[in-house]
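Now for the letters of each chain:
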Amino acid sequence: MTAGEGGVRATARIGARPDGRGGTALPTLEGEGPLALRRTRASGSEARVMLVGAMSGPLGGDHFTVEAEAAQGARLHFGSAAATIALPGQAKGEARYDVRLTVAEGAELHWMPEQLISAKGSELCVTTRVDLAAGARLVLREEQVLGRANEEPGRLTSRLTVRLDGRPLLDQELSCGPGAPGGWDGPAVLAGHRTLGQLVVVRPEFAQRPVEARLLGEYAALTPLAGPGVLVTALAPDALHLRRTLDEALSTLG
Amino acid sequence: MSRAALLVLADGRFPAGGHAHSGGAEAAVKAGRVSGAGSLEEFCRGRLHTAGLVAASLAAGAVLGLDPVELDGAADARTPSPALRTAARRLGRQLMRAARATWPSAELDALAREFPKGAHQPVVLGLAARAAGLGAEDAAYCAVYESVSGPASATVRLLSLDPFDATGVLARLAPDLDRVAHQAVEAARCALVNGVDALPAASAPLLEISAEVHAAWPVRLFAS
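In order, the protein sequence lines correspond to chains F and P. Each residue of the first sequence is one higher than the last, beginning at 24 in the working numbering. Each residue of the second sequence is one higher than the last, beginning at -19 in the working numbering.
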């Protein structure tokens, strides 16, 4: 970790591979500064890791990177202990949070962090990039809360890119808050909602048995992508409703 | 070729089937989110900076010679709603027919062979502009204008909105249209160097969700 006038730079890395005894080993488990990692109790063949926030942030000027790689046959469940709160910092400029996930053939990765809260005055750019080999499995959840209770949101740009076998499967960017391109809070984009989320599930078997599109209420839909994956997009009045919608959608996929 | 070809391509009467689509306005009107000129303007502004920017950058990219098959894949990844993917391909097929008849081109023929059910409309739009001798900026302008003119004219029919009010909305959006068209061309030029992944991916969650709501209706005035 380095902390200079430009903010804190920190990287966390996880590498998962089969341990040869039916479980998953973590030969790489490196946290840094505000990105501390804890291995928690395994569940069957799956290794579980928790990202534990050891400092607040990201603040303006900070640059956090989280990298996880699941080698062939590994199963990794990666979550966070608490919500991430983007806050304004003393350093000028936006904060960056980059997540890089790589999943090999026959491996499975679950990236299930808690909410990202965009506090008033903060400026954060999040990029989540997932590279899946053919035959890889993924469950990914992202939730954004625009502003704490009764607070204006900060400026948030969040891009989610999932590539499968070298080709794009999903590429979506949301930009909101003060200074975002016009109409972000209007009737085509968020219509005043302050909580939104995405759930991405990629499974090779969806290629043979595609999931049908379905509505999950007026403000959420489960949609099959142009490939063996589905996306749930949900807007909600609060984080609790949002989580419930995404959890229910995941459970219907079996 | 003449720049007047842009007027032919951008003309609402160009027989490319766009009039059958509301660009999400029908679902937004039914849900009460668009109820007059003010909310129509905010709707159009949001659509312009998301779907409009993406469409314009795809179209500009096709004019600049980016691989249309790769652009079509990028369009799929940026369109999670299957109802919207279907609409985009249907519009692409209709535009393809009109464009091939108007500006015959080997590139359009090749794209039509590659995608018999239709390629994404912005990709076809870019190749049609190229076949007409137009530039990347022309194609981007065409795409950004379509992204707002469709919902505006649909709303005139859906709400019996005064056509003068709808035209006023479009005129007020003109500075944003300029900005987004330039942004799209810049992004397409950047993608020439950094690959198609570098194209914008601005998304509008409600457009995607509402497209699925709309597709589930038994009766509707517009196809999307």
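FYI, nobody ran anything at the bench for these hints, they're computed from the structure. Careful: at least some of the hints might be erroneous.
What the hints assert, rightly or not - Covered by chain P, according to a simulated footprint, are these stretches of chain F (three or more residues, beta-carbon under 8 Å):
# : region
1 : 116 to 130
2 : 193 to 199
3 : 203 to 210
Claimed, not checked - Going by beta-carbon spacing under 8 Å, a handful of chain P positions derived as facing chain F:
# : residue
4 : K10
5 : A54
6 : G115
7 : L187
Stated by the list, open to error - Which residues of chain F face chain P? A partial, calculated answer using Cβ under 10 Å:
#  : residue
8  : H133
9  : R182
10 : A249
11 : T256
Ideal placement from N, C-alpha and C gives every residue a C-beta, glycine not left out.
Hints, verified against the model:
Three residues within the 8 Å Cβ limit are the bar, and the region 116 to 130 of chain F against chain P gives 0, so the coverage statement is violated. Here's how the region 193 to 199 of chain F fares: 6 of its residues keep a CB closer than 8 Å to some CB of chain P, so the rule of at least three is met and the hint holds. Coverage of the region 203 to 210 of chain F by chain P holds. Counting CB-CB distances below 8 Å, 6 residues qualify, and the rule asks for three or more. Restraint check, K10(P) versus chain F: the minimum CB separation of about 11 Å is more than 8 Å; hint violated.
With 8 Å as the threshold, the beta carbon of A54(P) comes within range of chain F, its nearest partner Cβ sitting at about 6 Å, so the hint holds. For G115(P), the interface hint is violated, since its Cβ never comes within 8 Å of a Cβ in chain F; the closest pair sits about 24 Å apart. Hint on L187(P) holds. Least Cβ distance to chain F is approximately 5 Å, under the 8 Å limit. Here the hint on H133(F) is broken, as its CB sits about 20 Å from the closest CB of chain P, past 10 Å.
At its closest, the beta carbon of R182(F) sits 6 Å from a beta carbon of chain P; the interface hint therefore holds under the 10 Å criterion. At a threshold of 10 Å, the smallest CB-CB gap from A249(F) to chain P is about 4 Å, leaving the interface hint in force. Given the 10 Å rule on beta carbons, the hint for T256(F) holds: about 5 Å separates it from the nearest Cβ of chain P.
Of the hints listed earlier, those the structure fails to meet are numbers 1, 4, 6 and 8, in rising order.
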